[in-house]
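Visitor: In case you want the letters, here they are:
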Amino acid sequence: MNTLSHSAARVLDTLRSKRPLILSLTNNVVQNITANMLLATGGVPVMLTHSDEIRDLLHSCANGMLINVGTLSEQQAQTMLTAVKDAREAGIPWVLDPVAVGLLQYRTAICQELLQTPPAMIRGNASEIIALAGAEGALCRGVESSAESKAAVAAAQALARRTGAAVLVTGETDYATDGTTTIACHNGDEIMTRVTGVGCAMGALAAACLASADTPLQAAVATAAILGIAGERAAARAPRPGSFAAELLDTLDALTPDDIALSARLEMVEE
Amino acid sequence: MNTLSHSAARVLDTLRSKRPLILSLTNNVVQNITANMLLATGGVPVMLTHSDEIRDLLHSCANGMLINVGTLSEQQAQTMLTAVKDAREAGIPWVLDPVAVGLLQYRTAICQELLQTPPAMIRGNASEIIALAGAEGALCRGVESSAESKAAVAAAQALARRTGAAVLVTGETDYATDGTTTIACHNGDEIMTRVTGVGCAMGALAAACLASADTPLQAAVATAAILGIAGERAAARAPRPGSFAAELLDTLDALTPDDIALSARLEMVEE
Amino acid sequence: MNTLSHSAARVLDTLRSKRPLILSLTNNVVQNITANMLLATGGVPVMLTHSDEIRDLLHSCANGMLINVGTLSEQQAQTMLTAVKDAREAGIPWVLDPVAVGLLQYRTAICQELLQTPPAMIRGNASEIIALAGAEGALCRGVESSAESKAAVAAAQALARRTGAAVLVTGETDYATDGTTTIACHNGDEIMTRVTGVGCAMGALAAACLASADTPLQAAVATAAILGIAGERAAARAPRPGSFAAELLDTLDALTPDDIALSARLEMVEE
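Chains as they are written, first to last, in our numbering: chain A, 1 to 271; chain B, 272 to 542; chain C, 543 to 813.
Bound-form chain A, shown alone (with noise of 0.2 Å):
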């Protein structure tokens, strides 16, 4: 137990007494998905197509907001950048999945432009961190990322110096930083790069851990210990995807502050 650790905990303390409500403006794979982690660990999830049901939303009762450009259309992006706009005058953090950045064009400059609007975090695996950050395109696996996430290290700070948001870079060991500070955490398990639509999700938990947090660096820190530690828990007894899938909704919702206290493995990054 330390102090990082505990903070992670009282962040999910607050989510389960806050129930943030999260809006999820996301790919068509993974919607069931997001919901139910989201569900899972406290929140309350919404997802709307129209940009006026956004805009009400935003001005009535979210709490926070997920854009993730995963299957992104025309029409979805001048939303997606609409919402963005109606969030910041809303006063709402969101979040940005930059889904594949750098492997596909349109995407790209999509992204570039949502990042005219800062978000409040940042989450993708390193090739997309490094793409986002304009060091180099990522190489081809799809959604799955190239590079190692310690790789992306330097790329996530100077992003998260040019954007202010915190950037959280995942992997077998995931990187939180603000451009000052960076946290890495070791929780998690392979296995959830094997079920479609779980580091998606994140991204919605994430929005949920800002409306429940200090600082954005201690909600995407929070995000990565509390998605890490129920994954690496469900896939002791589930290693295999299909139960894996089901065994992490369900560790997510039995899952405690005390959990996260006792089980994060959490430690700064030293220059």
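These aren't lab readings, by the way, just hints derived from the structure by calculation. Among these hints, one or two may not hold up.
Footprint (simulated), chain A over chain C, 3 or more residues, beta carbon under 8 Å [what the hints assert, rightly or not]:
1. 565-577
2. 581-587
3. 593-602
All C-beta atoms in this analysis are idealised placements derived from N, C-alpha and C, irrespective of residue type, glycine included.
With the hints as your guide, set chains B and C onto chain A.
Guide: Quick look at chains B and C alone, frame taken from chain A:
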């Protein structure tokens, strides 16, 4: 065992032998669980997008239709407005699920426009039914209800009288009414609200029951009883949301008319 | 064990080491299970919406593509018509799943237009293959077949000869043909038809097998054997649809080429 329970049991029996084909125009988040719950109960699910194909199906082999406005877009709204007219022309009963009506203006207007072509059933939580009946706006919990179902009974009765539809208010207790007779169903379990899409899929099950019942009220009661009994049995075996979702499908698949006759907890509500 | 079984086993072996990246343009209902079944078998799933991004991916790292018309819209039809031309230009083999063709006119016309750019494989149930071959219209059970697969063998052979594609007719027995050689696969279990998307996801698996086989016919046979064996093994452990869906993914994840060689029930069909 009483007459109400036997009536609900008979609906399931007919549903199982008739295998009604149900067209669901529903939100993006729940299409998979909607299709799977319908299949497990004995219906045949179809989802379509193109208005011409919707008309083809309504005029050929559809037995019922669900309209759920959860992630309504302008294009989908136009498709739905056309679809309900096609359904009326083809004599196909349809169910309206007015998700989050009262909270979001665009869909509230569209639902009132949809109601000009009367549905056979309306299913919603208390907030939605109160808002649709024009009584007062819903409070802010996204797709969750901010009111207890009991509080919506008068609004449900008024809505049933105005539209000619049976109204099913779901909550800890479900209430089904045709404006004259009101029946409470005490089956179900709280965990059903913690899996995305169970409520939405109930709308497709309602359409299948409409195609298998003598009256919309009987269909509404059967819908509440079938899903409520399956839900409480599944919850007893799988009290966490991930495993519950799978167990609910298994339980629906195994459910017999005798189970309904034995376990339904239905009662007439006195004025 | 025979030559056919060993050939199918070799396809799984290659698929596991090659990890083909499969772009699925498919219907809204099944995107999640499609991605998860592909991941469990060893492929890498990608779903996209924007034509420019589809072209980017086909010209960079895609190894195969699925076109499934289950919830076709006008916009998606245009995207698909462009995508198959891009795939031909890029030399990427593609699979057509003509869901409900013959029953619904719009998609029937679009599928005939798609066929002008020849796919490497067509996968459908008996009704769909008969309708696509122009033999007669499908009867009315939505996405279910009204004919037995055996009845579609002649139509499948004619369709294969006309298009140059391997045709895979799925049903209680699956038939794969290139118009000259026809092979029956007796693996599988009836419960596979009671989980939404298993058949549709088979199309993505077929694309992954195409990328891992010497010929389209070999890929079609391997597709039927891999999914059939996984399905019958999963059904033995989980005979109800909710738990079956998870068990199917677990079983695919654990399946080895030796399992295919041992359990495939394949035979040549004599004229």
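Visitor: Confirm or reject each hint.
Guide: Status of each hint after checking the structure:
1. Coverage of the segment 565-577 of chain C by chain A holds in this model, with 4 residues showing a Cβ closer than 8 Å to a Cβ of that chain against a need of three.
2. Requiring three or more residues with a Cβ within less than 8 Å of a Cβ of chain A, the coverage given for the segment 581-587 of chain C holds, as 4 such residues are present.
3. Here's how the segment 593-602 of chain C fares: 5 of its residues keep a CB closer than 8 Å to some CB of chain A, so the rule of at least three is met and the hint holds.
Comparing the model with each numbered hint stated earlier shows that all of them hold.
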